[in-house]
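**Q** Sequence:
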Amino acid sequence: MKKRFSIKAFILATMIHFVGTWLLFTASLRALAEWKRTGVEIYSVWFTLWAWIWQPISMFVSYYNRHHPTGNFETGPNPLAFILPWTVFVGVCFGFLVPCISRWRHQSSSQAMQPTAPRSDA
1 MKKRFSIKAF ILATMIHFVG TWLLFTASLR ALAEWKRTGV EIYSVWFTLW AWIWQPISMF
61 VSYYNRHHPT GNFETGPNPL AFILPWTVFV GVCFGFLVPC ISRWRHQSSS QAMQPTAPRS
121 DA
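Residues 1 to 122 in my numbering are what the sequence shown spells out, letter by letter.
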């Protein structure tokens, strides 16, 4: 029976994504605090990575805020309400992709081991 979902890959991808997100978030907050303290804008690769990785989430949050206003504009939406589902979604994607990729690699390596048929036109 073919394995369709890998729980190990799901857990590993979810944990790596969560830890990476946490590290990016804390690095971004440190750079922002330094900018507020000194007034000098520090170019950080973390801001670029953070913006690139979380672009789908920011688009969803802006859509959600437009169509479901909370009325409390000072606090805004809770970031964990968007970060955790996105992290779980990434884990689910990897949980489905890893068995497909490993099955594909196994099929291509076993086909390479099979002998080829002799040519009949020789």
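Derived by calculation from the structure, the hints in this document are not laboratory data. Among the hints, erroneous ones may be present.
[Claimed, not checked] Estimated spans, in silico, between C-beta atoms of each pair:
#, residue 1, residue 2, range
1, Phe5, Lys36, 42 to 52 Å
2, Arg66, Gly20, 25 to 35 Å
3, Trp104, Pro56, 23 to 33 Å
4, Cys100, Lys36, 27 to 37 Å
5, Phe5, Ser28, 28 to 38 Å
6, Arg66, Lys36, 24 to 34 Å
7, Thr38, Pro99, 42 to 52 Å
8, Glu41, Arg105, 40 to 50 Å
Built from N, CA and C at the ideal position, the CB exists for glycine as well.
**Q** Does each hint fit the structure? Answer for all of them.
**A** Hint check results:
Roughly 45 Å separates the CB atoms of Phe5 and Lys36, a value that falls within the hinted 42 to 52 Å. For the hinted restraint 25 to 35 Å between Arg66 and Gly20, the CB-CB distance of approximately 29 Å keeps it satisfied. Checking the proposed 23 to 33 Å range against Trp104 and Pro56 shows it holds: the Cβ atoms sit about 26 Å from each other. At about 46 Å, the beta-carbon gap between Cys100 and Lys36 misses the expected band of 27 to 37 Å.
Between Phe5 and Ser28, the C-beta spacing of about 33 Å keeps the proposed range 28 to 38 Å intact. Separation of Arg66 from Lys36 is about 28 Å and conforms to the stated range, judged on CB atoms against 24 to 34 Å. Between Thr38 and Pro99 the beta carbon distance is about 50 Å. The supplied range of 42 to 52 Å therefore holds. Checked against the given bound of 40 to 50 Å, the beta carbons of Glu41 and Arg105, roughly 46 Å apart, stay inside it.
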